[in-house]
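Each residue of the sequence shown is one higher than the one before, counting from 1 in full-length UniProt numbering.
Simulated from the structure, these hints should not be mistaken for lab results. Watch out, some of these pointers could steer you wrong.
To be verified - Dumping the calculated BS3-like pairs for lysine-lysine here, alpha-carbon to alpha-carbon at most 27 Å: (1) LYS201 x LYS218; (2) LYS5 x LYS25; (3) LYS140 x LYS371; (4) LYS100 x LYS85; (5) LYS65 x LYS93; (6) LYS65 x LYS100; (7) LYS100 x LYS25; (8) LYS26 x LYS65; (9) LYS45 x LYS5; (10) LYS201 x LYS329.
Unchecked claim - Label pairs and their calculated CB-CB ranges: (11) PHE222 x GLY160: 48 to 58 Å; (12) LEU205 x HIS167: 27 to 37 Å; (13) LYS289 x GLY164: 39 to 49 Å; (14) VAL19 x GLU255: 50 to 60 Å; (15) LEU205 x LYS142: 32 to 42 Å; (16) ASN17 x ARG69: 17 to 27 Å; (17) ASP49 x GLY135: 49 to 59 Å; (18) PRO297 x LEU139: 40 to 50 Å; (19) TYR163 x ILE90: 50 to 60 Å; (20) VAL319 x SER355: 26 to 36 Å; (21) THR174 x LEU332: 41 to 51 Å.
Since the structure is predicted, the reported quantities are computational estimates derived from the model, not experimental observations. C-beta atoms are modelled at their ideal positions from N, C-alpha and C, and glycine is treated no differently.
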Amino acid sequence: MTGNKDMFIKLDMGVANQVTLGDGKKANVEGRGVIAVNSKANNTKYIHDVLYVPNLTHNLLSVGKLVQRGYSANFDNGECIVTDKKSGTILAKVQMADNKVFPLHMPQKKLALQANVMDESYLWHLRYGHLNQKGLQLLKQKDMVVGLPHIDRNIQVCEGCIYGKMHHLPFPKTSWRAKAPLELVHADIFGPTRNPSLQNKRDALENYSTEVDKLSRKILDFMAKALNFDNDGNVFGEISQAMRMNYYPPCSQSEKVIGIVPHTDATALITILLQLNEIEGLQINKDNKWIAVDPPPDAFIVNIGDILEIMSNGMYRSVMHRAVVNATKERLSIATFVSPSLDREIGPNPRLINSINRAKFKRISMKDYWKGFVDRPLDGRRYLDGVRIVDDDA
Numbered sequence: 001m002t003g004n005k006d007m008f009i010k011l012d013m014g015v016a017n018q019v020t021l022g023d024g025k026k027a028n029v030e031g032r033g034v035i036a037v038n039s040k041a042n043n044t045k046y047i048h049d050v051l052y053v054p055n056l057t058h059n060l061l062s063v064g065k066l067v068q069r070g071y072s073a074n075f076d077n078g079e080c081i082v083t084d085k086k087s088g089t090i091l092a093k094v095q096m097a098d099n100k101v102f103p104l105h106m107p108q109k110k111l112a113l114q115a116n117v118m119d120e121s122y123l124w125h126l127r128y129g130h131l132n133q134k135g136l137q138l139l140k141q142k143d144m145v146v147g148l149p150h151i152d153r154n155i156q157v158c159e160g161c162i163y164g165k166m167h168h169l170p171f172p173k174t175s176w177r178a179k180a181p182l183e184l185v186h187a188d189i190f191g192p193t194r195n196p197s198l199q200n201k202r203d204a205l206e207n208y209s210t211e212v213d214k215l216s217r218k219i220l221d222f223m224a225k226a227l228n229f230d231n232d233g234n235v236f237g238e239i240s241q242a243m244r245m246n247y248y249p250p251c252s253q254s255e256k257v258i259g260i261v262p263h264t265d266a267t268a269l270i271t272i273l274l275q276l277n278e279i280e281g282l283q284i285n286k287d288n289k290w291i292a293v294d295p296p297p298d299a300f301i302v303n304i305g306d307i308l309e310i311m312s313n314g315m316y317r318s319v320m321h322r323a324v325v326n327a328t329k330e331r332l333s334i335a336t337f338v339s340p341s342l343d344r345e346i347g348p349n350p351r352l353i354n355s356i357n358r359a360k361f362k363r364i365s366m367k368d369y370w371k372g373f374v375d376r377p378l379d380g381r382r383y384l385d386g387v388r389i390v391d392d393d394a
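Please take these sequences and the hints and turn them into a complete structure.
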């Protein structure tokens, strides 16, 4: 028996028992297995049925077990000779120590340790949810991830990806079928479901989207008049609409988390925000201070987007804002983003440009603007600054 778990080449941890030691104390047995013993002649011998006793400080070899297994142990002239009775081979000669015990010293093989460094390509493949090599190379090419190394070699075979792409074979159909009432049927029981149909909610959402579209066109029309644009009804061109529903669950440590990071609405003319419950969460940045916006009851919040700042040549300014969470209450909101269509060219309206008021932004197609916004480096800077011609210090 031994207390050194590392000696086992095979160990069954399902064995549980107790043994009584020479001093009468009992020790717990937590396993049984096989250990390998190296002789001076570099021969390997295996000792079976070795007990794993964690509290044991010395390895013990039972003479009784040796005799039962067909070996002889001869104690004479201060040494113990262990012999295989069948072959007559001497397996070990052990000299008696000063304390009258016979310690069996087993030669240890010299080992060279090797550390395998995980390939960085494979490591980042795992970090990004098993993203493929081209995806990782694109992230590096666009400089979108801080610390991402150059992926210049094929990713090693990923066992997880292989398993994930495998399909179960169809379950075989049973040869037996119930043919009469009350015969046994093996089936998954489901229903009746209590979940209401989503059709009513879909209709309500479509109606809401239609009404918000009407509202956004009215707001943009009033803004065009305030800017003295040509009143041809098509100042901003065809507009598109995107909607995002936000749910912010309560968090007891709300000061350590954030709902939405600070940003401006980069691709929107305006954003129409509806707060579904009167829980404070929206904050705007003014003079480098975050100011909470009280949710107005039965009203919308209209936010200026970066596109309107461009087309108004800075007369309307988009505002940096963020969303925070509440410590005890949930918050829900619906944000509708109103943007020009992709085939529209955006830039300062010509009626706002003269010798005194120069153009502060470049002219660019909405398609190229979107592409640049998506491909931008994630360095914390506003994409709006990339299309700015002169700094606006007003």
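Now the hints, each set against the structure:
{"no.": "1", "hint": "LYS201 x LYS218", "in the structure": "holds, 26 Å"}
{"no.": "2", "hint": "LYS5 x LYS25", "in the structure": "holds, 21 Å"}
{"no.": "3", "hint": "LYS140 x LYS371", "in the structure": "holds, 17 Å"}
{"no.": "4", "hint": "LYS100 x LYS85", "in the structure": "holds, 26 Å"}
{"no.": "5", "hint": "LYS65 x LYS93", "in the structure": "holds, 17 Å"}
{"no.": "6", "hint": "LYS65 x LYS100", "in the structure": "holds, 21 Å"}
{"no.": "7", "hint": "LYS100 x LYS25", "in the structure": "holds, 21 Å"}
{"no.": "8", "hint": "LYS26 x LYS65", "in the structure": "holds, 19 Å"}
{"no.": "9", "hint": "LYS45 x LYS5", "in the structure": "holds, 18 Å"}
{"no.": "10", "hint": "LYS201 x LYS329", "in the structure": "holds, 24 Å"}
{"no.": "11", "hint": "PHE222 x GLY160: 48 to 58 Å", "in the structure": "holds, 56 Å"}
{"no.": "12", "hint": "LEU205 x HIS167: 27 to 37 Å", "in the structure": "holds, 36 Å"}
{"no.": "13", "hint": "LYS289 x GLY164: 39 to 49 Å", "in the structure": "holds, 48 Å"}
{"no.": "14", "hint": "VAL19 x GLU255: 50 to 60 Å", "in the structure": "holds, 57 Å"}
{"no.": "15", "hint": "LEU205 x LYS142: 32 to 42 Å", "in the structure": "holds, 34 Å"}
{"no.": "16", "hint": "ASN17 x ARG69: 17 to 27 Å", "in the structure": "holds, 20 Å"}
{"no.": "17", "hint": "ASP49 x GLY135: 49 to 59 Å", "in the structure": "holds, 54 Å"}
{"no.": "18", "hint": "PRO297 x LEU139: 40 to 50 Å", "in the structure": "holds, 44 Å"}
{"no.": "19", "hint": "TYR163 x ILE90: 50 to 60 Å", "in the structure": "holds, 53 Å"}
{"no.": "20", "hint": "VAL319 x SER355: 26 to 36 Å", "in the structure": "holds, 30 Å"}
{"no.": "21", "hint": "THR174 x LEU332: 41 to 51 Å", "in the structure": "holds, 48 Å"}
When held up to the earlier numbered hints, the structure conflicts with none and fits them all.
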